[in-house]
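Below are the chains, spelled out letter by letter.
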Amino acid sequence: MSTQVTTGLQVRKSVELTIDGKKVTAPEGSTLLDACRASGKEIPTLCYGDTITPKNACRVCMVELEGSRTLVPSCSRKVEAGMVVKTDSERTTHSRKLVLELLGSSVDLSLTKNVAKWNQSYDAKPSRFGAPSYHHDNRDDAVTGHHHPPDGQTAETVHQPVKIDNALYIRDYSKCILCYQCVDACGEQWQNTFAITTAGRGFDTRISTEFAVDLTDSACVYCGNCIQVCPTGALMFTSEYDMRQAGTWNEPEQTQTDTICPYCGVGCALTLHVQDNTIVKVTSPSDHSVTHGNLCIKGRFGFQHVQNTKPE
Amino acid sequence: MDLKIASGTANAEERQAVDSLLGQPSETSQGAQRDESGLRVSRGGGELRKLRHLLLPTLHSVNDRVGFISRGAINYISQRLDIAPAEIYGVATFYALFDTNERPARQVHVCIDLACRAASGCTEETLPEGAIPSPCLGTCERAPSVLVIETGVTVRQEVLAPATKTQIAELIAGKSAPTEQPIAQAAPQTPDKSLVLLSRIGIVDPLSIVDYESKDGYKALRKAFAIGAENVIAEVTASGLVGRGGAAFSTGRKWAAVASQPVKTRYLICNADESEPGTFKDRVLMEGDPFAMIESMTIAAFATGCQHGYIYLRGEYPRALGNLTNAVEVARNKKYLGNNILDTDFNFDITIFRGAGAYICGEETAIFNSIEGYRGEPRNKPPFPVEVGLFGKPTVVNNVETLFNVLPIINDSGEKYASWGSTGSKGKKLFCVSGAVNKPGVYEVNFGATLRELIDLADGLKPGSQIQAVLLGGAAGGFVGPEDLDLELTLEAARAAGTTLGSGVVMVLDQSVNMLDQLQRIAAFFRDESCGQCVPCRVGTVRQQEALARLVKSSGINNAAIDLQLLRDLGQVMRDASICGLGQTAHNAIDSALTRLKVFSA
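Chains A and B, in that order, give the protein sequences.
Residue numbers are given in this note's numbering: position 93 of the first sequence equals residue 93, and the series is strictly consecutive.
Residue numbers are given in this note's numbering: position 344 of the second sequence equals residue 344, and the series is strictly consecutive.
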């Protein structure tokens, strides 16, 4: 049975479905993830971002849907009337545990939010695949359809050196889970610049410019919208990276101040992250109706003048 | 979007290769000669972007001409099609037949896959210097096999099978391969007019439409036009025909679903990306009876209201490409394709689309992305292709063998077709028998023949051979043992026995075959062919290969029980949580070897 609910100015139909044995209603067009979270279920997500169309690539948010042979990604599956969904079955738990282990054993998740907590609640042990292997050829030179045979000891990782090729931000693809959000933000979903792509195939898939050229030779316009959507810290302000390297990054001590970008008339919202009275990075609220977290190079990186530092 | 083109200019050959497909550029912004007006204006962005489906053909054109995809070539294609260089790089690096590094014009691709290594072919370790290791080349009946691609003004592709190591060395040194064996040799039952799917193989001249017409060619299309689209679908539904690519979905239901769509622009795709290791039936059909493929596609398009069809042909099938290209041209000249086919108001044409070395592009939604000029990554379902498919339109995707079945169904009747086979599996089925039999090849039988009967049909086991295992359905299928020879080859019996017929692979492995080597190859295959999009498959296939390597070496960090548990855990997450069938089946064969053959039980 569908009923009508009023949400703000829109009138949307609602559908009734069953989640973990309880009947719930959800607005038509919303996702299973929305419906599950609205009914208080905690479902982990990694590649999901609130400003990008879900790519459902990480498969950590899988739920069991009656009538479906495989589990379904809750982040992108739309609700339908009569669906019967289980969020906490043996299969969903197994899938989440394994996804956490597969990513945890191949990618540096040290800066990914909630991973430690989820590893614990799903009993995920990434180390059970063997000691991580850090010795690779350059992943940018991988030949499609070919690989080195496993050594029978270590677990292959996506480890590679940090790419530092410009003054504004760094790319540490050892931390990349391939959520595709930076590619989509750079390309057709937000910036329309298309400086980066997913290159290669299979485990060798990596985020890359054409021929892995430096960003300075690429189409990059340094809007930093890729940093904004990156969920794992693979893309990072150089200011943050340098402070982390020096051991001075202290997030609990930082304040966040919202303001309006002074550069032009669009009126983008800025969140200034300040430590020791110095702006250390700039983000933008992703729920802002004007910019959805997107900025341009000036708003994102053009804050040095307010710090009034003297040239050395 | 503003294109930013970095350093690197296409040379004359590369420009010619691109222009031969796209025509001469007319705008300065697209690389034409600079003139006064061209510096001030740029036309065509939106119009150019509608040509994105020409990206893969253009990359092929460049690769055919110079052997690799250079920076300059990518920059020029970028200007011509208004696609960012990074995106073109992403597409080019997705396919194994392309290389973005300079390489010699002559490339010798040596199959290192299941049937070829079982036939003492090359492995990764024994590959001669200068050879490129290749997944299954689809000539398993003549294993081991080699594909030579020599790029240049006219690209030359040769298949040599069987190939000795000496012959491979000669090919690498530049020697030409001898003429390929006759097509019919791959179908030992032929010539035999009483066969249903193979009736014309070895009998009809595959290059002559006149000969095809004289052997019942285009009889079915005329009858289809006479009985009307709805009755065609009714006959196909009544026949009980299900897809022969491996998923076994009802063809009639698929057609009816597309025919009932409100959207009138619709596409038909013939999935000819036959890449499942051990499968070569579609190759034999396309090489030996290409006009039948054109005719059956035309009937399918008529029944479902499609205006355009694509043949997505794997890039490693040169003879099929040649014969199909000829067939499409000749059929077009004879008005069997184009507008007002056979003086009706039905219009339909076919484009042949070459794959470029990606098993994943046999997945039906990956085909859409590949044709549309994107990386061949599968899409999420729903929406299903019958509603939202190629270019966002309702799309029928049928396997080659499936389409061939349509001709006898229309010529006779669905009822007659349904009288063959078993209760749950109707009609005729082609099996690709390879390995330790006397006459490997494609065999046509009724559903329900036993494995033993099929092996007898292939003239039995080779002298001295004893069956160690039989691989059914390819790398995505499963092994059965010598005790399973009385298995009836039907969908339901296979399911009940916990195995699958898949694409019709029957690879007979005798006692000389190293099963652990076969398993490791299967694991390597899935790792290489995973598109990399979802975690369970991208990382799971690597971890599966590593666990297997530890088990084989018995030298790993874990004891065997732990690694066997790891494999089961990996199998479950890949089956449950992968986006597409590749990841979902990547553990099947290994699982069957563990549970049925008990390869690691002491």
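A few of these clues could be false.
[What the hints assert, rightly or not] Okay, the calculated beta carbon distance ranges per label pair: (1) B/381 to A/28: 54 to 60 Å; (2) A/279 to B/130: 30 to 36 Å; (3) B/562 to A/246: 40 to 46 Å; (4) B/462 to A/78: 35 to 41 Å; (5) A/266 to B/383: 50 to 56 Å; (6) A/279 to B/3: 29 to 35 Å.
Honestly, the hints are just simulated from the structure, not real lab data.
Ideal Cβ positions, reconstructed from N, Cα and C, are used throughout, including at glycine.
Cross-check of the supplied hints:
A C-beta distance of roughly 20 Å is found between residue 381 of chain B and residue 28 of chain A, which places it outside the suggested range of 54 to 60 Å. Distance hint check for residue 279 of chain A and residue 130 of chain B: the Cβ-Cβ separation is about 57 Å, which falls outside the suggested range of 30 to 36 Å. Separated by about 41 Å at the C-beta atoms, residue 562 of chain B and residue 246 of chain A satisfy the suggested range of 40 to 46 Å. For residue 462 of chain B paired with residue 78 of chain A, a C-beta distance near 55 Å fails the hint of 35 to 41 Å.
Here the CB-CB span from residue 266 of chain A to residue 383 of chain B is close to 35 Å, at odds with the stated 50 to 56 Å. About 34 Å separates the C-beta atoms of residue 279 of chain A and residue 3 of chain B, a value consistent with the hinted range of 29 to 35 Å.
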